[in-house]
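Enquirer: Sequences are here, hints too, so could you generate the full structure?
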Amino acid sequence: MPDISAWFNDLLSGNLIFTPTTLGYYWDGLVTTTQLVFLSLVIGLVLAVPLAILRSSKRKWISLPVYLYTYVFRGTPLLVQLYIIYYGVVFFDGIQESVFWPIFREAFYPALIAFTLNTAAYTTEIFRGAIKATAKGEIEAARAYGMSQSLMMRRIIIPSAFRRALPAYGNEVIFMLHASAIASVVTLMDLTGAARYVYSRFYTPFEPFLFVALIYLCLTFAILFFFRFLEKKLLAHLKPQTP
Amino acid sequence: MKKLLSVSLIGLAVAAASSAQARDYDHVRIGVDVPYVPMEYRTAEGDLTGFDIDLGNAMCEEIGVTCEWIEQEWDGIIPGLLSRNYDAVMSSMTINDERRQQVLFSEPYITMPSAWFAASDLDIDEANEETLEGLTIGVQRGTLQDNYVTDNYGRVADISRYSTADDMVLDMDAQRLDIVFLDFPIGQSTLIENENGDYVIVGEQITEPKEYFGDGFGIAFRQRDQALADKFNDALATLKEDGTYDEIYTRYFGDE
Numbered sequence: 001m002p003d004i005s006a007w008f009n010d011l012l013s014g015n016l017i018f019t020p021t022t023l024g025y026y027w028d029g030l031v032t033t034t035q036l037v038f039l040s041l042v043i044g045l046v047l048a049v050p051l052a053i054l055r056s057s058k059r060k061w062i063s064l065p066v067y068l069y070t071y072v073f074r075g076t077p078l079l080v081q082l083y084i085i086y087y088g089v090v091f092f093d094g095i096q097e098s099v100f101w102p103i104f105r106e107a108f109y110p111a112l113i114a115f116t117l118n119t120a121a122y123t124t125e126i127f128r129g130a131i132k133a134t135a136k137g138e139i140e141a142a143r144a145y146g147m148s149q150s151l152m153m154r155r156i157i158i159p160s161a162f163r164r165a166l167p168a169y170g171n172e173v174i175f176m177l178h179a180s181a182i183a184s185v186v187t188l189m190d191l192t193g194a195a196r197y198v199y200s201r202f203y204t205p206f207e208p209f210l211f212v213a214l215i216y217l218c219l220t221f222a223i224l225f226f227f228r229f230l231e232k233k234l235l236a237h238l239k240p241q242t243p
Numbered sequence: 001m002k003k004l005l006s007v008s009l010i011g012l013a014v015a016a017a018s019s020a021q022a023r024d025y026d027h028v029r030i031g032v033d034v035p036y037v038p039m040e041y042r043t044a045e046g047d048l049t050g051f052d053i054d055l056g057n058a059m060c061e062e063i064g065v066t067c068e069w070i071e072q073e074w075d076g077i078i079p080g081l082l083s084r085n086y087d088a089v090m091s092s093m094t095i096n097d098e099r100r101q102q103v104l105f106s107e108p109y110i111t112m113p114s115a116w117f118a119a120s121d122l123d124i125d126e127a128n129e130e131t132l133e134g135l136t137i138g139v140q141r142g143t144l145q146d147n148y149v150t151d152n153y154g155r156v157a158d159i160s161r162y163s164t165a166d167d168m169v170l171d172m173d174a175q176r177l178d179i180v181f182l183d184f185p186i187g188q189s190t191l192i193e194n195e196n197g198d199y200v201i202v203g204e205q206i207t208e209p210k211e212y213f214g215d216g217f218g219i220a221f222r223q224r225d226q227a228l229a230d231k232f233n234d235a236l237a238t239l240k241e242d243g244t245y246d247e248i249y250t251r252y253f254g255d256e
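In order, the protein sequence lines correspond to chains A and B. According to the UniProt record's numbering, the first sequence is numbered sequentially starting from 1. According to the UniProt record's numbering, the second sequence is numbered sequentially starting from 1.
In short, the hints are calculated from the structure, not lab data. Honestly, I wouldn't trust all of these hints.
Cβ-to-Cβ under 7 Å is the rule here; a few derived chain B residues that face chain A [what the hints assert, rightly or not]:
| hint | residue |
| --- | --- |
| 1 | D75 |
| 2 | Q102 |
| 3 | T131 |
| 4 | G154 |
| 5 | V156 |
| 6 | S160 |
| 7 | R161 |
| 8 | A174 |
| 9 | R176 |
| 10 | K240 |
Fair warning: this is a prediction, and the values are worked out from it, not measured in the lab. Using N, Cα and C, we set each Cβ at its ideal position, and we do this for glycine too.
Expert: In structure tokens form, the structure reads like this:
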């Protein structure tokens with residue numbers, strides 16, 4: 001054990017960029033990035049499922065508001081949305097005295113809100129596409145069994161739509177991880193924020209950005225692996241059958 | 001084919017060697033981080049102006065070169081110089097040892113203290129480890145103020161880092177920040193004379209320790225451009241002698 005720490009100290013000595021202090025920044029950055037992305041994806045997913053069902057409704061007055069929401073959030077850059085939510089809210093009079101201020105004062109929650117609304121919009125459209133693509137035969141069979149609309153939704157449409165949406169949703173997760181790199185513009189010290197800080201303190205662009213690029217790559221690999229695993233499990237019935 | 005290759009390789013090597021030499025400039029590109037009132041900012045008409053801009057232009061005229069100002073955010077301003085996006089940086093940059101390892105500085109052309117600024121209802125007289133505990137401090141990322149605050153108060157306070165001084169003032173007005181640490185005249189013009197809030201200077205103006213606060217503002221060049229730095233130093237001396245410097249100084253800081 002002492003060998004390893006001696007080796008580690010040896011490795012770090014003689015360079016300014018990878019000190020225990022800067023590694024601490026990267027670690028904090030990794031924690032912030034993971035929290036932000038994970039929370040926004042989970043909340044986004046929870047929002048997206050009911051929204052996707054509403055969005056695929058045949059009644060215009062139900063589907064249109066959801067369509068407007070997804071249109072706005074998919075039609076504008078995430079960076080602009082983040083700016084509006086972070087810097088925009090302070091122009092509401094009295095926000096500082098309201099109960100919401102503890103939330104909007106921190107940079108974390110405005111970023112979380114922006115990311116969540118953005119990913120929920122994309123995920124809604126992904127699920128809606130999957131719901132639309134449900135095979136006619138399945139629906140007819142469900143009707144023939146006398147299932148009500150909601151029972152059919154719960155037992156037939158949603159489970160198969162989930163499976164169909166999986167590959168596209170995996171891409172959305174990776175996209176969200178990469179999009180989270182803009183969090184540092186509102187003072188959050190995420191991975192990219194840590195790299196920007198080290199870059200501006202030691203005037204070296206390559207080392208910090210290459211280092212966090214590697215961390216992002218590892219995270220992406222983990223996500224890819226997880227979704228590959230899920231697809232294998234949940235989409236097994238679509239594989240060619242070996243005799 | 002082989003011969004052709006080796007000839008062109010030699011050609012490349014010669015070209016590389018000569019471009020590594022100092023060259024004579026007749027056109028100097030200067031990097032600057034805008035806005036940083038009153039050192040560098042844009043007027044309502046969109047013209048670039050400020051103490052650095054006017055002094056820099058006067059120096060260029062004195063040397064007999066044309067100058068072009070290139071805007072660059074602060075946190076990338078030294079890397080931008082080193083990667084030749086421009087040939088000099090004149091942007092309220094304090095001369096200190098950390099930066100001297102990367103760039104070559106001219107003689108200091110102005111000295112400027114730093115200071116703490118806070119909303120008047122924060123109610124502290126002096127910034128130290130006790131009074132700052134638990135507060136959110138705003139700094140501009142990669143500035144010497146950032147380094148000073150990070151090293152001295154990073155353990156007791158939260159530090160929010162901004163790309164531009166503008167964003168920081170916006171968050172000060174929004175009451176997201178409790179206190180900011182800035183170059184004194186910039187805080188003076190962006191916070192004290194700002195009409196959105198009621199701000200005060202906390203404690204004395206700070207110029208020590210030198211390891212952080214350095215020796216005043218200098219123009220930064222690439223290490224090999226000593227000749228260019230010498231020209232700017234000579235021009236500065238001339239402008240100080242013939243009164244142009246004083247005139248520009250009075251234009252932005254009044255009589256002092």
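Enquirer: Would the hint on B/D75 be counted as holding, given a Cβ-Cβ threshold of 7 Å to chain A?
Expert: At 4 Å from the nearest chain A Cβ, B/D75 passes the 7 Å test, so the hint holds.
Enquirer: Report holds or violated for the interface hint on B/G154, using the least CB-CB distance to chain A and a cut-off of 7 Å.
Expert: Violated. Min distance 9 Å.
Enquirer: Less than 7 Å between beta-carbons is the criterion; does B/V156 satisfy it with respect to chain A?
Expert: violated, 16 Å
Enquirer: Does B/S160 pass the interface check with chain A, least Cβ-Cβ distance below 7 Å?
Expert: Interface hint status for B/S160: holds (4 Å vs cutoff 7 Å).
Enquirer: Interface hint check: B/Q102, Cβ to nearest Cβ on chain A, cutoff 7 Å. Holds or violated?
Expert: holds, 5 Å
Enquirer: Closer than 7 Å between Cβ atoms is the bar; does B/R176 clear it against chain A? Give me holds or violated.
Expert: With Cβ-Cβ at 5 Å, under 7 Å, it holds.
Enquirer: Given B/T131 as an interface hint, is its Cβ closer than 7 Å to any Cβ of chain A?
Expert: The hint is violated - B/T131 has no Cβ within 7 Å of chain A, the shortest such distance being about 20 Å.
Enquirer: Less than 7 Å between beta-carbons is the criterion; does B/R161 satisfy it with respect to chain A?
Expert: holds, 6 Å
Enquirer: Interface hint check: B/A174, Cβ to nearest Cβ on chain A, cutoff 7 Å. Holds or violated?
Expert: B/A174 check passes; min Cβ-Cβ to chain A is 4 Å, inside 7 Å.
Enquirer: With a cut-off of 7 Å on the beta carbons, see whether B/K240 makes it to chain A.
Expert: violated, 30 Å
When held up to the earlier numbered hints, the structure conflicts with 3, 4, 5 and 10 and fits the remainder.
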